[in-house]
Structure formats: C-alpha cells, structure tokens
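A.B. asks: Take a look at the letters that make up each chain.
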Amino acid sequence: MRVMAQVAMVMNLDKCIGCHTCSVTCKQTWTNREGVEYVWFNNVETKPGVGYPKRYEDQERWRGGWQLDARGRLKLRAGGRVKRLLNLFANPDLPDLDDYYEPATYDYDTLINAPAGPHTPVIRPKSAITGQDMAITWGANWEDDLGGAPEHAPADPNLAAMAEKVKLEFDKTFMFHLPRICEHCLNPACVAACPSGAMYKREEDGIVLVDQNRCRGWRMCVSSCPYKKVYVNHKTGKAEKCTFCFPRIEAGQPTVCAETCVGRLRYIGLILYDADAVLDAARAADPRDLLEAQRGVFLDPDDPAVVDAARASGISDDWIAAAQRSPIYRLAMRYRVALPLHPEYRTLPMVWYIPPLSPVLDAVTGVGADADDPDNVFHAITDLRIPLEYLASLFSAGDTEVVAGVLMKLSAMRAYMRARTVDGTVATDLLEPAGMAASDMEEMYRLLAIAKYDERYVVPAAHREDAAALAAQADGCSLDGDGGPGMSGFHPSGVTGRRGDGRLGLKLFIGKGTAS
Amino acid sequence: MTVALWAVVPYIALTIFVVGHVWRWRVDQFGWTSRTSQVLESRLLRLGSPLFHLGAFAAIGGHVLGLLVPKTWTEAAGVDEHLYHLVSVSAGTVAGLMVVAGLALLLARRLTNPRIRRATTRADKVLFTVLAAVILLGMTATVGQNLLGGGYDYRATIAVWFRGVLTFHPDPGLMADVPLIFQAHALSAWLLAAIWPFTRLVHVWSAPIAYLWRPYVVYRRRTARPAPARPFEREGASRR
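Protein sequences appear in the order of chains G and V. Letter 47 of the first sequence, counting from 1, is numbered 47 in UniProt numbering, and no numbers are missing. Letter 33 of the second sequence, counting from 1, is numbered 33 in UniProt numbering, and no numbers are missing.
Keep in mind that the hints were calculated from the coordinates and are not lab data. Just so we're clear, the structure is a prediction, and the values are computed from it rather than from any experiment. Treat each hint with caution, since some may be false.
Stated by the list, open to error - Straight line, CA to CA, 20 Å or less: simulated SDA-like cross-link-like pairs of lysine to any residue:
{"no.": "1", "chain 1": "G", "residue 1": "K235", "chain 2": "V", "residue 2": "A119"}
{"no.": "2", "chain 1": "G", "residue 1": "K235", "chain 2": "V", "residue 2": "R200"}
{"no.": "3", "chain 1": "G", "residue 1": "K83", "chain 2": "V", "residue 2": "V204"}
{"no.": "4", "chain 1": "G", "residue 1": "K235", "chain 2": "V", "residue 2": "K125"}
{"no.": "5", "chain 1": "G", "residue 1": "K235", "chain 2": "V", "residue 2": "F128"}
{"no.": "6", "chain 1": "G", "residue 1": "K126", "chain 2": "V", "residue 2": "F128"}
{"no.": "7", "chain 1": "G", "residue 1": "K83", "chain 2": "V", "residue 2": "N113"}
{"no.": "8", "chain 1": "G", "residue 1": "K75", "chain 2": "V", "residue 2": "Y219"}
{"no.": "9", "chain 1": "G", "residue 1": "K83", "chain 2": "G", "residue 2": "A70"}
{"no.": "10", "chain 1": "G", "residue 1": "K83", "chain 2": "V", "residue 2": "F128"}
{"no.": "11", "chain 1": "G", "residue 1": "K235", "chain 2": "V", "residue 2": "D171"}
{"no.": "12", "chain 1": "G", "residue 1": "K126", "chain 2": "V", "residue 2": "A119"}
{"no.": "13", "chain 1": "G", "residue 1": "K83", "chain 2": "V", "residue 2": "R46"}
{"no.": "14", "chain 1": "G", "residue 1": "K75", "chain 2": "V", "residue 2": "L212"}
{"no.": "15", "chain 1": "G", "residue 1": "K83", "chain 2": "V", "residue 2": "L54"}
{"no.": "16", "chain 1": "G", "residue 1": "K126", "chain 2": "V", "residue 2": "N113"}
{"no.": "17", "chain 1": "G", "residue 1": "K83", "chain 2": "V", "residue 2": "L47"}
{"no.": "18", "chain 1": "G", "residue 1": "K235", "chain 2": "V", "residue 2": "Y219"}
{"no.": "19", "chain 1": "G", "residue 1": "K126", "chain 2": "G", "residue 2": "L146"}
Claimed, not checked - Computed Cβ-Cβ distance ranges for the label pairs, DEER-style:
{"no.": "20", "chain 1": "V", "residue 1": "A104", "chain 2": "G", "residue 2": "T137", "range": "28 to 36 Å"}
{"no.": "21", "chain 1": "G", "residue 1": "K75", "chain 2": "V", "residue 2": "V18", "range": "51 to 59 Å"}
{"no.": "22", "chain 1": "G", "residue 1": "D96", "chain 2": "V", "residue 2": "F17", "range": "47 to 55 Å"}
{"no.": "23", "chain 1": "V", "residue 1": "T120", "chain 2": "G", "residue 2": "K75", "range": "31 to 39 Å"}
{"no.": "24", "chain 1": "V", "residue 1": "A104", "chain 2": "G", "residue 2": "A160", "range": "38 to 46 Å"}
{"no.": "25", "chain 1": "G", "residue 1": "W138", "chain 2": "V", "residue 2": "T167", "range": "58 to 66 Å"}
{"no.": "26", "chain 1": "G", "residue 1": "D96", "chain 2": "V", "residue 2": "V87", "range": "56 to 64 Å"}
{"no.": "27", "chain 1": "G", "residue 1": "R311", "chain 2": "V", "residue 2": "T120", "range": "34 to 42 Å"}
{"no.": "28", "chain 1": "V", "residue 1": "D171", "chain 2": "G", "residue 2": "Q67", "range": "54 to 62 Å"}
{"no.": "29", "chain 1": "V", "residue 1": "K125", "chain 2": "G", "residue 2": "T137", "range": "39 to 47 Å"}
Think of the CB as a built atom: it goes at the ideal place given N, C-alpha and C, for glycine as much as any other residue.
Chain G on its own, in the form it takes in the complex:
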C-alpha cells in the first residue's frame, strides 16, 4: 500500500443557481489574457445541454479518456503511443476554436470618442482573435437556463443513452447547472497522453499541472482529456489548465471558485488513497463497477493501519489530521451522496458531485403533486425514469440504482429535518429507506446546509520547511512570458520583445530582476 494525498472537491448541485460567479472570478484570476480568451478553467453549463466545448461528452467523436482493449488492458481511447506520435503533425481529435466559441470584444473607443449628436452611438462586437467585425453566435454557456434548448439540447450526448420518447419533453420537466473544473484525476489521460512529459501529477497533493517550460505544444492532452479541461493558449502555443489554484491551496486557502461561490456549494478536503490500487480500479470490466472500484481506492483516514501507512509514505501528521476532518471523505464515503462525473471515462476523477434532487422535485410538481410530501418524492424517484436516467448517464455510468439511492437519502434528509424542526418529531421511519443512522443524518444535514467556512474547506497548508523552495520557485517564474499565466510584463516575448517601458529588449538571463 502506497498512501498518497489528493486535494479533492465536491459540489452540491442542488445549491447551484447558475450565477457564474465561480467562472468569472476564475477567469479574472487565471485566463484574462490574450491567447486564452476562449478558455474557462471553471465553466458552468446548463444540463441538459451540449456543454462546453460542444458535445465534449461524445467520446466516439473526441476520443478522450481510457478504454479497455480486447485483453482488458487500459488503453488511451485515442490510440497507443506509436499512433499518437504519428498524429503529432495533425491531431485528428482536436476541437476547433468554433467547437468552443469565437471570443468577442467591443470597440469601446467608439462609444467614448463619439461626437455629440442626436443618436446614441452603438458599438459592434469584434472578434478577439481576428479583430474583425463578427456576429456572436455561440458562447461558453449559450443555452443558459435552457435558452434555445429545443433546438440545441437534443445534441446533448447524455440524451442519446435515454429512451427516444423523452427527448422532446425533457425541457419542460427539469434542468440544473453543472459547474466544471479540471477533475485532477487519479489516472489522468491528459498526463498519459503528453508526449513531452510536461504534464504531471504532484506527489504531495495530486494537483495536475502543465510545466510551461517543458510543454512543446503537441496538444495531445487537449484531445485526450475527456472533460476537455486542458486548453491550447493560441498565443504561446502551449497547454494550460485549471491549477486547482495551487498557490492558494499551498497557503491553506480554498480555490478562487470555491471561495467566491455564492451558493456555498463547494467543499474542499483531502482524500488519502492507495496509489498502487489506482490502475486496477480503472480496469474494472463493467463501467458500472468503476464507482465502487474508485471508492475502494480511497482509504479510511481514521483506520490506524492507514494512518501508519500514511506516515510511512511521508505524509505529515497535520495532513493526516486534515484528511480525518475532510468533508470530501464524509460526502463520498461515509454518507455516500457524492458521485464522480462520468466514471466511465476511467480516469478516476476527483471532483465529485452531489446529484441534484431538483429535477425530481420539478417532475413531481409538474404532474401537480406536492413536492414537500416525501412519499411523493420517493415514488417519483422510483417511477420517474426521465430525470433519473439522465443523472445516471452523468454520474454513475448509467446505473439508475446508484443515483436513486443518493436522491432517496437527500429527500429523506429533507423530510427528516423538516419533521425535526417544524413538527419537533423524530421521523425514524425515514432512516431505514435512506439506510442511515439518525446521527449521520443530522451530521450530513449540518455539512450540507449550515457548515461554516472551515468545515467546508479543510485545506492543510504546504509545509513551512518547504517554504524556501516555494519562494525560490516564485523567483524565476517561467510563467511570466508574454501571454504566459504570470504576465509580469517585464519579460520580452520569445527572443526579443517590448519591455514594460516600451523599449525593445534582449533577454540574456533568467531569474529575478535580470530580465531586460
């Protein structure tokens, strides 16, 4: 057993109101630069919907993630090593800019400099890529709140798995929002596909990063990520991705998306897992077994044997203590209400979701029943196949039993706590269908409903003895290049370039204060 720690996230989708605050703050922090105008490390999509980029979940088309070959071995869906190198000159599976969207800006000077006149001046959208006039015809969340859904949403790959008859009715029955960041998978296909070895998983916290100095722009990571969460910076020609805000995590703070989440629906904490068991778990023959296989990789931080093994693997006591308080472990393993997104991609993703109960409640209300009555909801969960099948295609490789079990728990928790607070009674009859003890039920309620900042985000800081190394990394920051994530503005682009003061500079040395 080789114990490793992973910083993981859970999002409670019932609370997501689709306000995009996470996306906007993330973009302001990480991708408000030329070259990544179209890039959203965090995006929020309306489901059902085609997603961003369009139809990214259709792996028949994009060939992301892993699959099992005839002999049951894990293989990148896009092909083996030789085949990938042969595709180096032109990647057949790379999404086009139009599969994302063409980013637009506005010629604001026209507004500011317009002479006084009888008419209000108007500005036209200009392509941020070409600078030419353009019509805005798509965006990262074009079908927000099901806008245009009858036209676009049938292209949602998750609907293909469902029965034909529901296809035109679903938009009347339910919708929900799905915030997505990089999954920082235990078995990351992007890392496996990177020909340069520039992408790596950090040993300490499992964050998946791109070494900007070693990336050579072969763009295999972009197509191999089944979640399409690695992007090409078209200015630098290098790959960029969600960093799990590692500078904040190292300081013991939550990510920007979590920190600014208005609905407080995000949870961050550690998971201890057995690194030696990862590949076997990803090899589970039936995709529906992948959820349980991944749970089997996670280790119970309260188990003394695990604690000993973690210490032997070099994990410090404060990190073990943080893992014991981890809200992620509680939601995924103890209450078992959090589920991975598309486990069938076999990457063992580490950003999990509590599936929304709202589609079921919407459906109950839709047929004129009282959604506050738990019996109605229980019956809906077992009878209404439409939202359930859809959620199952997202979160459990199509296994509706798993999703139904989670929704039962959430529904039982609501009814149980309503009885507790409104009627002052203990509804023990609700515990049995949920399969939970009364104490678990109340603890889960507390975590989901009223948990405070330090309960939602249990992030141990990076170690002080590492501080010198961390500071040294900040010195010669390789990300400060023109268009790079550092954007200090001092480093010339490429060989020569304009300095901050406008003079042409020749770069001779790398390091603090010597860029000139």
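With chain G fixed as given, assemble chain V onto it according to the hints.
C.D. replies: Structure of chain V alone, referenced to chain G:
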C-alpha cells in the same frame, strides 16, 4: 570571394546555430514550442502539416545520404552512379513535391485565414520566407538539373566540400564551379541554419521519442530537492 562564401559563411552560420541554441535553451524554454495553431484552423493543416513533415523527413534523409555518405562507400556497396542517380532523383522529387505541396497548403492557410494571419509573428514571416527559398531552390536544382537537365554530380564537389566544413577542413575551391542554382540552395540553407534557433524550428529538437517508453502517468514532487532547481534545469525522471 570563394573563401568568404564557402569557408567563412558556413562557420558564421554554424556558430550562430550552436550558440543561438544554447542561448535560447537557457533563457527561453517558455517560448520553446511548435506554436501549434491547429485550434485556430485544422482543415488545411490536417492535410498540409503531415505532407510537409513527412516530405521533410524524406528530404532530410536524402540529404544525409547524398552529402554525408561518400561516393566510394555507395559504390563499394554495389550502387553505381546510374542507379544512385535514378533513386535519388525519383525519391528526391517525390519528397520535394510533398514538401512543396505541404508548405503551399500551410502558407495558404496562414495567408488566407484571418485567425492564423493575426497569430503570425515576425519570426514566422522570416522563417517561412527563408524556408520557402531553400525548398524552391532545392526543388529547382533537383527537377531542373537532375531530372530534366543533364544532371550534376554534386557528390564529387558539394558533398566533399560539405564534409570538409563539418570536419574543419574546408576546401572552398570545390564550390567555385558548382552550378549557380546549387550554390544558391547551399547559401540559403546556411541562412536557414543561422535563423533556426530564433524561430519555432527549435521544436525539431524536442521530438518526443522518449514518449515511447515513458511511464504513462508522470508524478513530480512540488519541492525540488535538495536545492531548488533553476527554472531551465530538467526535473528528475518521472516515477510510477
């Protein structure tokens, strides 16, 4: 003049080539990339790029055979002048056509697609001009002289001179009477070598062959041990 063109120019170009690469690697690994533009346009690239690259591999292989392998070696292997000429001209023409067609497609997308045009840097413009010149001059030499014309045995002059340059025994006199088209091709190639380290061509040296035997998932420690690594130093090998 002969000495300047065929003994001085090559060493100036080679010096810039070597020193330029060392300098670029030390200060600008962040800019060390193929600068892919496929995300902006992929239709023409998916045809042009493989044509260009595979054709270029064949052409480079042909040059190695023609310039670095002495005539006596191939003759000792039983390949007479006629057979060598037949193979080199036919394979060279096919490779050359692939390169020309690929470059034409890549240039077409760069010139006609506004997205790509905006993404083209000054270094790209210089590179594409020089590269096109080298290729067109080389094609003219191969097709004009060796396929349609009477043929020219460059292995008796150019190849001997080139090996002399590489072994630091240059004999510029060998190049004095070489046909003008071959002279122009050789000079343009030195120019290409001199600008090479300052363009996206550096991605050639990063051909990811090691991917074939690397473990799939790469793990790296956050902290560099024992002393913090300077940014351009390579990290330790991955482990799994």
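A.B. asks: Run every hint past the structure and note whether it holds.
C.D. replies: Status of each hint after checking the structure:
1. G:K235 - V:A119: holds, 7 Å
2. G:K235 - V:R200: Answer holds: G:K235 to V:R200 is near 13 Å, not above 20 Å.
3. G:K83 - V:V204: holds, 19 Å
4. G:K235 - V:K125: holds, 16 Å
5. G:K235 - V:F128: holds, 18 Å
6. G:K126 - V:F128: Status violated; Cα separation ~29 Å.
7. G:K83 - V:N113: Since the Cα atoms of G:K83 and V:N113 sit roughly 29 Å apart, the hinted pair is violated (cutoff 20 Å).
8. G:K75 - V:Y219: At roughly 19 Å apart (the allowed maximum being 20 Å), V:Y219 and G:K75 satisfy the hint.
9. G:K83 - G:A70: Given pair G:K83, G:A70 holds - Cα atoms ~17 Å apart, limit 20 Å.
10. G:K83 - V:F128: violated, 29 Å
11. G:K235 - V:D171: violated, 45 Å
12. G:K126 - V:A119: With a Cα-Cα distance of about 16 Å, the restraint between G:K126 and V:A119 holds, given a limit of 20 Å.
13. G:K83 - V:R46: The given pair, whose Cα atoms are some 15 Å apart, holds under the 20 Å limit.
14. G:K75 - V:L212: Satisfied, since the Cα-Cα distance of roughly 14 Å is no more than 20 Å.
15. G:K83 - V:L54: holds, 15 Å
16. G:K126 - V:N113: Cα-Cα ~16 Å, so holds.
17. G:K83 - V:L47: At roughly 17 Å apart (the allowed maximum being 20 Å), V:L47 and G:K83 satisfy the hint.
18. G:K235 - V:Y219: violated, 28 Å
19. G:K126 - G:L146: violated, 26 Å
20. V:A104 - G:T137: 28 to 36 Å: holds, 31 Å
21. G:K75 - V:V18: 51 to 59 Å: With Cβ atoms ~41 Å apart, the hint is violated.
22. G:D96 - V:F17: 47 to 55 Å: At roughly 36 Å between Cβ atoms, V:F17 and G:D96 fall outside 47 to 55 Å, so the hint is violated.
23. V:T120 - G:K75: 31 to 39 Å: holds, 38 Å
24. V:A104 - G:A160: 38 to 46 Å: holds, 41 Å
25. G:W138 - V:T167: 58 to 66 Å: holds, 60 Å
26. G:D96 - V:V87: 56 to 64 Å: violated, 41 Å
27. G:R311 - V:T120: 34 to 42 Å: Given about 55 Å between the Cβ atoms, the range is violated.
28. V:D171 - G:Q67: 54 to 62 Å: Because 60 Å falls inside the window, the suggested range holds.
29. V:K125 - G:T137: 39 to 47 Å: violated, 32 Å
Violated hints, in rising order: 6, 7, 10, 11, 18, 19, 21, 22, 26, 27 and 29; the structure is consistent with all others.
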